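As a plain string of letters, each chain reads:
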Amino acid sequence: MKISKFGALLILLFLSLGINAQVPGFLGKKLSINLGGAFYPAFEGPSKGNKGGVDFVLDENPQRNTIGLNYALEISADYTTGRYGSVGIFYNQYQTGLTTRLHLPSDVSIFVVNHAETFHLINAKTIGAVFNRFRSKQGALAPIGRFTSYGFERVSLTGEITDFILINQKGISTVNPADVQNFEQEHSFFNFIFRYMISIPLTEKILIKPGGSLRLPFNALIQLAEYGEKTSHEDWGFNNNQAHFDVDLERRILLHGLVRFELNLAYLLF
Amino acid sequence: MINNFIKLLSLLFFSIGFTLCCSAQSPKIISSQGTIPQEFLTPSSIKYKQTIEEYERNQRNKDDFKTKKGKEEFYLASNFNIDDLLQSGYALFNDELGKYANEVMNQLPISDELKKRKNPRIYIVNSNDVNAFATDQGIIFVTLGLLANVETEAQLAFILAHEISHIEEDHGFLLGEDRFKEIQKIARYQLPFLCLDNGDNGRAIYNAYILLKKYPDDQALKKLIAKALYMEVKRQRTADENSESRLSLYNHVNKMEGAIQRVEYIFKKMKARELTVLALKRNYEAWLDDPEDEQLNMAVHSLMVDLATHYDNLDKFSNKPRPKVDDSKPELKEEIEDGKELTREEKIKKANSNEVVDDSRLFAFVDYLDDEDFQNRFNKAKEIVTAREEDEGKSRRNNTYYMVNNSVSLDIDKIVVVNPEYVKLKSNKDRSVQYIQSEEKQAEFRNEIVEVSKMSNLDVKLLGLGELSGTDLESFNNLNELDTYFQQQLELPSQGLHPSTNQTKINDIAESYGTDYFLWTGLISVGRNKIKPLAVGLGVVFPPAFASRIFDKVVYNDDTFFYAILFDVKNGKRRALKLDFIDGSLTNPFMKAHLYDVFNQISSN
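Protein sequence lines, in the order shown, are assigned to chains A and B.
In my numbering, each residue carries its 1-based index in the first sequence increased by 114.
In my numbering, each residue carries its 1-based index in the second sequence increased by 91.
It is worth saying that the hints were derived from the structure and are not from the lab.
Note that the structure is a prediction, hence the values are computed from the model and not measured.
Ideal Cβ placement from N, Cα and C applies to all residues, glycine included.
One or more hints might be untrue.
[Stated by the list, open to error] Facing chain A, a subset of chain B residues (Cβ under 10 Å, in silico):
hint : residue
1    : ILE230
2    : ASP674
3    : ASN691
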């Protein structure tokens with residue numbers, strides 16, 4: 115269902131393709147493929163390989179309020195639709211980490227609380243579409259010059275629990291590690307994208323595009339508004355693991371990669 | 092005694108013959124001839140370098156630092172300004188007047204040293220100003236206005252002598268007064284044409300009328316008056332279009348002197364419809380005399396459209412001659428109303444309320460009002476006006492300057508790019524024009540045009556001074572005609588078709604290049620002293636930025652104006668392909684991209 119919605123949005127975005135008359139492009143070339151990367155401060159929480167904070171240390175509590183540096187790799191294609199406009203689709207992926215506490219059922223006593231501090235290695239794959247508006251007042255002429263992009267992306271996250279610590283507050287451990295490992299860790303959501311970039315021609319076929327972007331996770335904003343007050347895990351009881359995970363994840367993603375510095379190299383095909 | 096009498100008789104006979112000859116044949120309009128002198132084509136920066144080298148060889152070590160800087164600045168401005176004049180097309184070479192002036196100068200005792208060092212030479216400047224001035228390069232510019240106004244050869248010699256070496260001697264008779272009169276005649280004949288080209292319509296009409304007394308059958312002068320009236324109508328319409336007051340066009344009238352003031356005053360006082368009727372009458376009559384003149388034909392059409400905006404039909408105009416009016420002053424009658432004599436104040440009020448109708452315009456078309464051609468033309472013009480009013484009701488977009496975001500193809504195969512320009516200015520400097528950078532950028536701009544034209548599907552001919560050689564006199568003259576055309580067209584109203592005063596020549600030029608489409612394009616870059624906080628921040632974070640050219644970007648914020656206007660020169664249609672005010676400077680790839688965009692809009696795909 116989500117895919118079909120995404121498809122509908124994509125169609126809407128590309129509708130402008132059919133309307134154009136005689137579009138100059140850059141010296142006649144309108145279609146470009148881009149390879150690039152985004153570097154961004156990853157706020158809060160640990161990650162594997164220092165992606166987004168300090169390394170996860172099993173013996174200690176995870177450190178909050180730290181900033182690391184993460185990166186994403188991206189491939190995209192842009193097509194110039196007008197003198198001051200172009201549309202693009204992109205695919206990018208990155209990795210990050212998340213610690214969360216999973217509450218686990220106890221078979222001894224209802225008063226015994228078992229839980230696991232877990233580390234999830236998150237793989238994010240993103241596909242999205244943007245509309246680029248070139249700024250004519252600064253001499254831009256699509257696809258070169260300064261432009262702002264508006265668009266959306268669909269992020270698919272898959273988590274893998276790579277480390278965990280089982281904790282029994284009463285000192286009796288009855289948790290089966292398989293309960294932790296079988297926990298469902300798939301998630302997807304939408305982001306709004308706002309981007310500002312400069313496309314500078316290096317040669318007649320190669321452009322370099324430095325810039326920055328802001329991503330607002332649509333789902334996360336809604337969920338935070340809903341659950342924002344209920345951040346204490348204890349209040350939630352035992353059976354709300356998925357909700358815990360979701361909120362932690364949304365919060366993590368919201369802070370992580372909110373602002374990105376991007377650098378793309380574009381090759382103009384035709 | 093008898094000998095003297097015979098001499099006197101022969102002189103008288105010669106004079107009469109000469110006068111008869113004058114009245115029979117009008118002088119020709121002068122223009123540049125032969126090979127273009129090298130100094131017209133050499134880039135100013137090269138001349139500047141040569142001047143500096145010469146200065147360094149001779150005198151530089153003697154001057155202190157401040158003087159050196161001052162002189163270098165003077166040589167820079169002087170070289171570029173003089174070249175501006177040389178290349179403007181107003182400076183003529185190898186023309187009859189110039190040759191004569193040079194001959195007069197050669198009669199003057201100029202020292203060999205001066206001849207060797209400066210090689211004094213004269214160029215006539217096609218200007219109605221009365222002026223002559225010398226430059227440090229040894230060039231003396233004499234305006235055509237001066238030649239037309241000096242009464243004797245001696246006066247000219249004196250001015251030249253003054254310009255060369257301030258000689259105080261009287262040089263009475265050098266080459267002969269007859270020849271001088273001939274030269275003066277040419278200069279005076281050319282003057283009204285020059286005034287017309289410069290947009291000085293009142294002066295053109297005044298000068299033409301004076302010449303018509305001497306050459307009553309001169310068709311060119313009659314046409315000139317018609318054209319000047321036509322241009323004046325258009326000038327007023329442009330003011331209306333730009334929401335300027337018509338009267339503001341004549342603000343200078345009070346400061347004018349002489350009889351020309353009266354002409355301008357009449358223009359000021361005439362109503363728009365009166366001037367239109369007068370211009371149409373003159374143009375239509377001139378066209379009837381020469382129906383082959385396409386330019387007049389277009390002017391009549393254009394004025395007919397103007398007439399149709401003022402009048403719904405031709406019923407108001409009379410087809411019978413005006414009855415003869417008794418010119419004698421009417422007797423003053425005692426005005427009595429309701430059996431009571433009016434007071435003086437009441438008389439004035441009454442006189443003001445009865446608006447005096449000057450109906451002379453209603454008899455303007457008596458001779459041809461019933462002509463089918465005249466009526467058809469009016470009806471056609473009325474249709475155009477009606478259609479235009481409907482269009483304006485539908486959309487407020489100005490169709491000539493309207494530019495679409497997604498460009499459309501104009502399906503044109505060949506264009507001529509006329510003298511592309513790049514001017515670089517810095518507003519915070521004493522001398523705002525950056526001559527050297529402007530010339531460098533101009534050369535780059537031309538190269539980009541050539542390069543981009545190869546990529547686009549368009550046959551582009553670049554016509555500029557940089558592309559001319561000494562033998563391209565025709566191109567040089569074409570360039571000047573096209574520049575005059577462009578300047579005039581910018582002053583004409585944007586709607587409708589308006590031929591320029593040199594339309595016939597322009598049509599010939601279009602024929603010779605095999606296209607009707609001429610493109611005027613250029614960039615004006617203005618550097619302002621405005622500190623950009625972002626750039627300063629960059630400098631603070633990364634100090635080497637201050638040491639590099641980035642610093643320039645920090646201090647100066649360039650604003651660039653890029654224009655590209657395509658004219659269909661035969662029918663005056665124009666289309667602005669680019670009128671962009673750009674916040675920032677344009678680097679070469681961007682310049683290229685914009686040029687490609689311009690050519691892409693023109694070409695056929």
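Verification of the hints:
Here the hint on B:ILE230 is broken, as its CB sits about 40 Å from the closest CB of chain A, past 10 Å. Nearest Cβ of chain A to the Cβ of B:ASP674: about 5 Å, under the 10 Å cut. The hint holds. Annotation: B:ASN691 was flagged as interfacial toward chain A, and the flag holds, the nearest CB pair being 5 Å apart, inside 10 Å.
Taken one by one, the earlier hints fail for this structure only at number 1.
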